[in-house]
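Colleague: Top to bottom, those sequences are chains D and Y.
Quick note: to get this note's numbering, add 1 to the position in the first sequence (first position is 1).
Quick note: to get this note's numbering, add 708 to the position in the second sequence (first position is 1).
Keep in mind the hints are simulated off the structure, nothing from the lab.
For clarity, every value in this text was computed on a predicted model and none was experimentally measured.
Hints are supplied without guarantee of correctness; some may be wrong.
Claimed, not checked - Here are the simulated SDA-like cross-link-like pairs (lysine to any residue), alpha carbons at most 25 angstroms apart as the crow flies: (1) D/K47 - Y/G735; (2) Y/K711 - D/E16; (3) Y/K712 - D/E16; (4) D/K5 - Y/E721; (5) D/K26 - Y/E721; (6) D/K5 - Y/G778; (7) D/K65 - Y/S719; (8) D/K47 - Y/K723; (9) Y/K739 - D/A17; (10) D/K47 - Y/E770; (11) D/K10 - Y/K710; (12) Y/K717 - D/E83; (13) Y/K712 - D/A17; (14) Y/K739 - D/N14; (15) Y/K723 - D/G260; (16) D/K10 - Y/M709; (17) D/K26 - Y/E759.
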Amino acid sequence: MERKPSWLKVPYNREASLEVAELMKSLGLNTVCKEANCPNLGECYKKHTATFMILGSVCTRNCKYCNVTCGRPEAVDEKEPENIAEAVKKLNLRHVVITQVDRDDLKDGGAGHMARTIKTIKENCKGVTVEVLISDYKGNIDNLKTVLDANPDVLNHNIEMPKELYGEIKPQANYDNSIMILRESKRLRDDILTKTGFMLGLGETDEQIFALMDELRETNCDILTIGQYLQPSANHAKLYRYVTPEEFEKYKNIALEKGFKFVVSTPLVRSSYRAHEAMEEAKK
Amino acid sequence: MKKKIALPKLSDEMKSAVLCAWLKQEGEEYKKGEPIYEIETEKVISQVEAEEDGIMVHQLVEEGDEVSVGAELAEVE
Numbered sequence: 002m003e004r005k006p007s008w009l010k011v012p013y014n015r016e017a018s019l020e021v022a023e024l025m026k027s028l029g030l031n032t033v034c035k036e037a038n039c040p041n042l043g044e045c046y047k048k049h050t051a052t053f054m055i056l057g058s059v060c061t062r063n064c065k066y067c068n069v070t071c072g073r074p075e076a077v078d079e080k081e082p083e084n085i086a087e088a089v090k091k092l093n094l095r096h097v098v099i100t101q102v103d104r105d106d107l108k109d110g111g112a113g114h115m116a117r118t119i120k121t122i123k124e125n126c127k128g129v130t131v132e133v134l135i136s137d138y139k140g141n142i143d144n145l146k147t148v149l150d151a152n153p154d155v156l157n158h159n160i161e162m163p164k165e166l167y168g169e170i171k172p173q174a175n176y177d178n179s180i181m182i183l184r185e186s187k188r189l190r191d192d193i194l195t196k197t198g199f200m201l202g203l204g205e206t207d208e209q210i211f212a213l214m215d216e217l218r219e220t221n222c223d224i225l226t227i228g229q230y231l232q233p234s235a236n237h238a239k240l241y242r243y244v245t246p247e248e249f250e251k252y253k254n255i256a257l258e259k260g261f262k263f264v265v266s267t268p269l270v271r272s273s274y275r276a277h278e279a280m281e282e283a284k285k
Numbered sequence: 709m710k711k712k713i714a715l716p717k718l719s720d721e722m723k724s725a726v727l728c729a730w731l732k733q734e735g736e737e738y739k740k741g742e743p744i745y746e747i748e749t750e751k752v753i754s755q756v757e758a759e760e761d762g763i764m765v766h767q768l769v770e771e772g773d774e775v776s777v778g779a780e781l782a783e784v785e
């Protein structure tokens, strides 16, 4: 195992981590924190925050950078929206981030279940804002509309990497579909903030990064997150480089110059990191 | 009362980790919540915090050693 740079240090508190983990287990819920082996799990669970992952813990796509299990997914848990609302209350969350596994086996890609989850939280947890991190729904705009009609406060769809890397690392997805999801979301519902993110360290060049930023801005995307790719195991996509915190700052400034309203760019940033603050800042 | 602290399982897939640094030396006291050692796993370096107040009595593994989940790391009291 290659030695990690000093800036990739995180706190781990077993007691605090177990508390949130047990609440999730008791309600039959999944978090992307656990399934993706997120480096921030210890810190976030300690602060009683988590990102819910709906529609099961098994994904129908096998992206080479991702730690979520690929295979035949479970049946959809119809009680999941209510159970998430209960967890939101117990954790006293003000801003909830909901993500999903890709469900290419379902006709609507899981959009209906996502919409029910948003509505159930909004009905049961007054004043709570909801951010969703959705699939590309294979470019199906009707599915996107289903989610938008449920009125999330932020619609996030991660582009993950420049177009040139999709074939090797994200072979079951289509870059143009992801751009379309972001563009159509803003066109259909200008009042809903859009957000996206990508990783560094997958073999991208600066030229590709800047072109990606330009294309994302053309969709009128509001919020951008940039984080370090961390290789989950030797079987996953190769890690090409560790980007220093100073370089992350440089990318942030370039993204702001290009017109993003809010940019979070540091090595351990993930989509939901400082999500509430990002939403509030982008609203201004 | 003396007891042993063991390497926790930080993720479902974790089988072992490299103990990269002791942050409390033998004879040193620490408070609950203070980081007492660092371990390196696939993705990051984790600073593991003490679950209760204690004294580092005897370190059973050296910095740089790879240890399995559940293996005893140190004697504390």
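Colleague: Next, verify each hint and record whether it holds.
Modeller: Evaluated hints:
{"no.": "1", "hint": "D/K47 - Y/G735", "in the structure": "violated (28 angstroms)"}
{"no.": "2", "hint": "Y/K711 - D/E16", "in the structure": "holds (18 angstroms)"}
{"no.": "3", "hint": "Y/K712 - D/E16", "in the structure": "holds (17 angstroms)"}
{"no.": "4", "hint": "D/K5 - Y/E721", "in the structure": "holds (19 angstroms)"}
{"no.": "5", "hint": "D/K26 - Y/E721", "in the structure": "holds (17 angstroms)"}
{"no.": "6", "hint": "D/K5 - Y/G778", "in the structure": "holds (23 angstroms)"}
{"no.": "7", "hint": "D/K65 - Y/S719", "in the structure": "holds (19 angstroms)"}
{"no.": "8", "hint": "D/K47 - Y/K723", "in the structure": "holds (23 angstroms)"}
{"no.": "9", "hint": "Y/K739 - D/A17", "in the structure": "holds (16 angstroms)"}
{"no.": "10", "hint": "D/K47 - Y/E770", "in the structure": "violated (29 angstroms)"}
{"no.": "11", "hint": "D/K10 - Y/K710", "in the structure": "violated (29 angstroms)"}
{"no.": "12", "hint": "Y/K717 - D/E83", "in the structure": "violated (30 angstroms)"}
{"no.": "13", "hint": "Y/K712 - D/A17", "in the structure": "holds (20 angstroms)"}
{"no.": "14", "hint": "Y/K739 - D/N14", "in the structure": "holds (13 angstroms)"}
{"no.": "15", "hint": "Y/K723 - D/G260", "in the structure": "violated (44 angstroms)"}
{"no.": "16", "hint": "D/K10 - Y/M709", "in the structure": "violated (31 angstroms)"}
{"no.": "17", "hint": "D/K26 - Y/E759", "in the structure": "holds (22 angstroms)"}
Hints 1, 10, 11, 12, 15 and 16, counting from the list given before, are not met by this structure.
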